[in-house]
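Please put together the full structure from these sequences, using the hints given.
2 protein chains.
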Amino acid sequence: MAIAPDACVDAERVAHVRSVMPDDGLVGDLSEVFGLLSDPGRLRLLAALLEGGEMCVCDLAAATGQSMSAASHALRLLRSHRVVKVRRAGRMAYYQLADSHVRLLFDLAITHMRHDGKTSE
Amino acid sequence: MAIAPDACVDAERVAHVRSVMPDDGLVGDLSEVFGLLSDPGRLRLLAALLEGGEMCVCDLAAATGQSMSAASHALRLLRSHRVVKVRRAGRMAYYQLADSHVRLLFDLAITHMRHDGKTSE
DNA sequence: TCGACATATGAATAATCGTTCAAATGTCGC
DNA sequence: GCGACATTTGAACGATTATTCATATGTCGA
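As given, the protein sequences belong to chains A and B, one line each in that order.
Here the working numbering is used: the first residue of the first sequence is 1, the next is one more, and so on.
Here the working numbering is used: the first residue of the second sequence is 1, the next is one more, and so on.
Simulated from the structure, these hints should not be mistaken for lab results.
Here the structure is a predicted model, which is why all the values come from computation and not from measurement.
Fair warning: there could be bad hints in the mix.
The list treats identical chains as interchangeable, and a pair is accepted whether it falls inside one copy or across any two copies.
Said to hold, decoys possible - Distance condition first, Cα-Cα at most 25 Å in a straight line; then the derived SDA-like pairs of lysine to any residue:
| # | residue 1 | residue 2 |
| --- | --- | --- |
| 1 | LYS85 | CYS56 |
| 2 | LYS85 | SER38 |
| 3 | LYS85 | SER67 |
| 4 | LYS85 | GLU12 |
| 5 | LYS85 | GLY35 |
| 6 | LYS85 | SER31 |
| 7 | LYS85 | GLY41 |
| 8 | LYS85 | VAL20 |
| 9 | LYS85 | LEU50 |
| 10 | LYS85 | ARG13 |
| 11 | LYS85 | PRO22 |
| 12 | LYS85 | GLU51 |
| 13 | LYS85 | VAL9 |
| 14 | LYS85 | ARG18 |
Right, here's the structure in full:
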């Protein structure tokens, strides 16, 4: 692992940066949240819910172009992280966005990043 | 794959949602960007650069607690997506954040998400 | 109760990703 | 040029992740 060989290191600056570095908990949470948003299928689900309000799994699958099984798995992940919430009515399950930070992030990203310099290589 | 069985589907709503669904290009770019931010090591690198301004690989490795090889690999990824840029001076390589949308996203996320309701299950 | 249906789940495969080690590149001081 | 050094790179391995198929759960209408 070799955390810090003492070669070219500017010890003072490194110490300062380390002192203000967000703790492992925050970094871990952040990376998990971004991980949730790093899949096109899940992104499309969120986009659909942002537009459609409350939708059943079947409609979500159709609107996002994936199988119902895939949609269900993805929704389960999002649900376990409180990004979406479910309302059950009979044999249907209706999903909608939860008021989470993730919603804000996604909303900002999708509105702010339309048409501009690409991010790809 | 089974894109749309015509069972319980509310065809009208599905059609509408599909019509405003961001295209594959945008969705792909977005998921890539979020993917870049979904790793604790890369997140720490960005946090260090946000605080430290411009730093060499050796300092970045020390400040983020990873090997120089790991840091270099991560920086390479971030560089290829124009999230960071490099300035070379002799045998050193100095990295700093680029003025990308990713910086804005990360900045917002890290300042807005400090200490609050967890996102874990 | 029976069969069709909406959704959920588990297990298995395949693909992707992060980390590490070893080695390569290019630079500096002697 | 030689050796030490900062960084980069490639390949290999292990771990995580997405996707699929098959099946399970629970609900509705007849």
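Intra- versus inter-copy proximity for ARG13 and LYS85 (alpha-carbon distance at most 25 Å): between (44 Å within a copy, 20 Å between copies)
Regarding LYS85 and PRO22, is the shortest C-alpha distance of 25 Å or less found within a copy, between copies, in both, or in neither? Classified as between; 23 Å across copies, 29 Å inside a copy.
When no copy is named, should LYS85 and GLU51 be tagged within, between, both, or neither for a Cα gap of at most 25 Å? Cα proximity of LYS85 and GLU51: one copy only (16 Å, versus 36 Å across).
Can you tell me if LYS85 and CYS56 fall within 25 Å by alpha carbon in one copy, between copies, both or neither? Within one copy only: 12 Å inside, 44 Å across.
Please work out whether the CA atoms of LYS85 and SER38 approach to 25 Å or closer within one copy, between two copies, in both situations, or in neither? For LYS85 and SER38, both the intra-copy (20 Å) and inter-copy (23 Å) Cα distances are at most 25 Å.
Could you place LYS85 and GLY41 in one of the four classes (within, between, both, neither) given a Cα distance threshold of 25 Å? within (17 Å within a copy, 30 Å between copies)
Same-copy or cross-copy closeness of LYS85 to SER31 [CA-CA at most 25 Å]: Both: 21 Å inside a copy, 22 Å across copies.
If the cut is 25 Å between Cα atoms, do LYS85 and ARG18 qualify within a copy, between copies, both or neither? between (37 Å within a copy, 21 Å between copies)
Using 25 Å as the alpha carbon limit, work out where LYS85 and LEU50 are close: within a copy, between copies, both or neither. within (13 Å within a copy, 34 Å between copies)
Tell me, please, which holds for LYS85 and GLU12 at an alpha-carbon limit of 25 Å: within, between, both or neither? Only across copies: LYS85 and GLU12 sit 23 Å apart there, 47 Å inside one copy, limit 25 Å.
Should LYS85 paired with SER67 be assigned to within, between, both, or neither, using CA atoms and 25 Å as the limit? within (20 Å within a copy, 40 Å between copies)
Reference check for the pair LYS85 and VAL20, CA-CA at most 25 Å: within, between, both, or neither? Cα proximity of LYS85 and VAL20: across copies only (22 Å, versus 35 Å in one copy).
Taken one by one, the earlier hints all hold for this structure without exception.
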